Amino acid sequence: MPFIPHTDDDVRAMLQAIGVKGIEDLFDEIPAELRTGRLDNIPPGMSEMAISRLMHTRAEQDGRPLCFAGGGAYEHHIPAAVWELTTRGEYYSAYTPYQAEASQGTLQLLYEFQTMMAGLTGMDVSNASLYDGASALAEAVLMAVRANRKSKSKRILMPRTVHPLYRKVARTIVANQGITLEELDYDPAGGHIDPASLPGEPGDFAALVIPQPNYFGVLEDVHALTDWAHSHGALVIGVANPISLALLTPPGEWGEAGADIACGEGQPLGAPLSSGGPYFGFMCCRQEHVRQMPGRIIGRTVDLEGREGFALTLQAREQHIRRSKATSNICTNQGLLTTAATIYMALLGPDGLEQVASSCHANTQALVERLCALPGVTKVFDRPLFHEAVLRLEQPVDELIGSLAAQNIVAGVSLTDDYPELGNCLLVCATETKTQADLDSYAENLERISQSLKTAGSPVAS
Amino acid sequence: MSNVPGELKYTKSHEWVRINEDGTLTIGITDHAQDLLGDMVYIEPPEVGRTLDSGEDCAVVESVKAASDVYSPIAGEIVESNESLADSPEVVNKDPYGEGWLFKLKPSDAGAVNALLDADAYNELVESEEH
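Sequence lines, in order, name chains C and X.
For reference, each letter of the first sequence is one residue, going 0 to 461 in numbering that gives the first Met the number 0.
For reference, each letter of the second sequence is one residue, going 0 to 130 in numbering that gives the first Met the number 0.
Don't read these hints as lab results, they were simulated from the structure.
Take the hints with a grain of salt, since some may be wrong.
Okay, derived cross-link-like pairs now, DSS-like style, lysine-lysine, Cα gap no bigger than 30 Å in a straight line [to be verified]: (1) X/Lys93 <-> X/Lys11; (2) C/Lys324 <-> C/Lys151; (3) X/Lys93 <-> X/Lys64; (4) C/Lys149 <-> X/Lys103; (5) C/Lys324 <-> X/Lys93; (6) C/Lys151 <-> X/Lys93.
What you are looking at is a predicted structure, and each value in this text was computed from that prediction instead of being measured.
Same shape as in the complex, but just chain X (with noise of 0.2 Å):
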């Protein structure tokens, strides 16, 4: 059973995003998606400054299995990356809603986050795709 924070929103691509105070939104992936990768060896985050369309491949996660694409949720642009992932890729397995986080984005819309998952639609889509 994976962890799945209550206050958080997710997409079906596994992606959590996490609204900040200040308007801009923290993404990552979630336990799920790290779990099924297996241990993560790269994380090619988003190049500050870019702006992405909703659901546009942004990130490379790495691991072991596999290099996936991370899709940005909704649409904005980037303002903030995780660069310490370049050294400690491991931290996305560790701590995926943490430390783990990939990038923060300035949406263009701020509405556009309501269209997202909630935890419990999230972890039904977690539970339908394991059965």
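Just chain C, same shape as in the assembly (with noise of 0.2 Å):
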């Protein structure tokens, strides 16, 4: 069945009406070397059976493996409730309608996911959600160079702790306006920026990003590194994982005022993690620089009638009125995913949410100290941690995790291509999915493969 409803005679028509042959003609004027021609790669369609089948197939290749891997997407348990609701008809469309006020029903839900997110994080404001925490982070880069009026500096201060993907996504998506992104090193020993390291005389910079937890899972010092950035005239980003932020003072608090914009990956909130996406990012910000805030947001007002409504807000900012000087390209958001992250976020409650970010950190603790309990397992830094942390091991990573992926245990993320100072280095994840008995069978899976590659002095299949 065709989705397009013009029919030949339509086309036509329309083609007579404007004095054109075919429809090739629309596009003489792009030279034949820019146009990609015939995409022989792409296959033929499939059928809805055949299509299903096939993927089918491809998911029971994962082979539901028992998973301790984070850097960024988590598994955590989403009751059933989330996705039954999410998937309604009245919630099941990905994007805010083109005649948005028609839809009380969509807005509200997303007024309350900001109203949510404003709570979780502390800030006064929050959009209707990003594309996911890197392209969050990207936006976030920018509009502080736009709302830090006493700075004119194009650069930002990025710590090599961020997320690495976070800070390639970035760069690709601020490179061309001139931004800089300045690395920062981290502490060997603590795995954080050390507030004490900061450049005394830092020159100008537009803001700081700060990373909570970082990505390796280690607790930043935000206080102090938030009064360093104010105090220097830059604006503070906080990257935050949600979950966390149920335990963790929010960003909205740190030091003396507060984190001006707070972004990150909204995925550990009622998303599954499935291959990577979609997931969605969010973004909030203190008053003062909403109108500088990209994306989407609703508002609750009253009708002339006094009745409560709720509407699009600020849209002066956005593409479709300020075309060239919008304040992103963004004008959509995620629908969908923070439709379950709304329902999921009211499901948890605070409480509920606070029993698995408390359940995430315990469980990481344990998996932790069984595993440095093993012969040449040591936990690589020294600071408190959220949900993850970094282990050095004796033998190869990659090795290893390749061994432990044939036993149907995701090992962790190996940091020897991002971080390949810290030699062989593997970042693991509980998270409160995790039981004693999971915990164990890894242990006893590690212990068991290091040692066999120990003794074959080679690196062996299991």
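Taking the hints as your guide, dock the two standalone chains into a single complex.
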């Protein structure tokens, strides 16, 4: 069934009306060398039955492993009601509709989402979400450069403890606007940014990015860092894990004045891992910066008769009104994922979220203790952590990951490519989904495999 | 019929210019412009000390309908900005030629104002846009 409403007759009539022979003629002015031509590598379409079978077969290849990998996306228990409700017809739309105010239910839900995110981050306002954590950080960088009216700088201090992929995405998005991201190295003992190591005469920076927890799972000294940035004329962009905010001081309360922008990846709030997406990004800020914030913002208002209603607000910042001078090319949000997140947060409530966060922390502590009791496994950083830790191993990490995968265990994320100076290091995570038996299974398999690798003295597939 | 005071200078982009005794210029948007834009909700004035080229965008007036740039009528340096509009943007609607001024400029060439439109020429422009 074609989803294009025009019949061949319609197309012919329209082409005739504008005096063009064929659709191809409409693209005449594009030089031939810029055209892709036919996309021969894309296979022909499949029927629903065939594609369902293919995708199920591929999903089964994953083998439902025991997952100890985090690194930006986390396996959490999602109550069945979350997606049962999210996929109801009334909600099942990925978009804020173009005639937005006609969909009061969607707008109310997004308004509730914004209220919850503002509460969780301790910030004044939230937008209705962005694409994902990495692009949210890139947008936060662009926003900070616009919002910092005291500084003319287009330089951003970007610690190496920020997720490596976020840094890459941010660089890709901001580089052509003349914004530079200057890397800040971490303390080798703590795995954090040592506030004492920050430059005394840093020059002019538009903003400092502070991850909490950072990519290593380590907690940063957010208060000292925030105060340092503000006393040097820089804004503070907090990159936070939303689950951790149920336990940790929210960005809005960092230091004397709080962070200026808080952003991050929303996936832990009700979205399954599903091979990396779709996820959603969140972004909150202080009231004074709201006109520089990208994306949709839903407001609550009253109509002429005093009845409550919801409306898109501050749209003058957006590109359908401000065109090339809009705050961002983002004029949308991740509606479906934020619907799930809102229902997830509503079902768990503050106490439930805190329990999830506490269990993640406790399970990771227990895992680290269990694994570090094995010979040759050591914890790399001595600072407090949330729900991830960096472990150093004796054997090459990639081999161990491969061997454990054969036992249906996802051992963690290898740090050898992004942080070669750390040597054989693995980033591990145990969320609330892991039981004592799971931790034991990981430890027993790791011990056995390390042992066999050692005795063999060469790589062995177990 | 919008109000176009005879003693002011004007631009094609609907700014007005008052020549002050100390040689600085006070700049705002015309009655016609505020009428077209509708109720103001936010004014972003230029930063004091900024130097501008003629025609450079330097401020934003945001109404319920649109956000529009305000352009500097001539080259110069911003010497004062109407910060009170941050809390009361509606003043631009109520009193565009008085309390609703946007910024003061020290022109780099005092003679440049002569090239701007006078009230008659601006009236003609507005009428031609309306018809």
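Task: Hint numbers contradicted by this structure - done: 6
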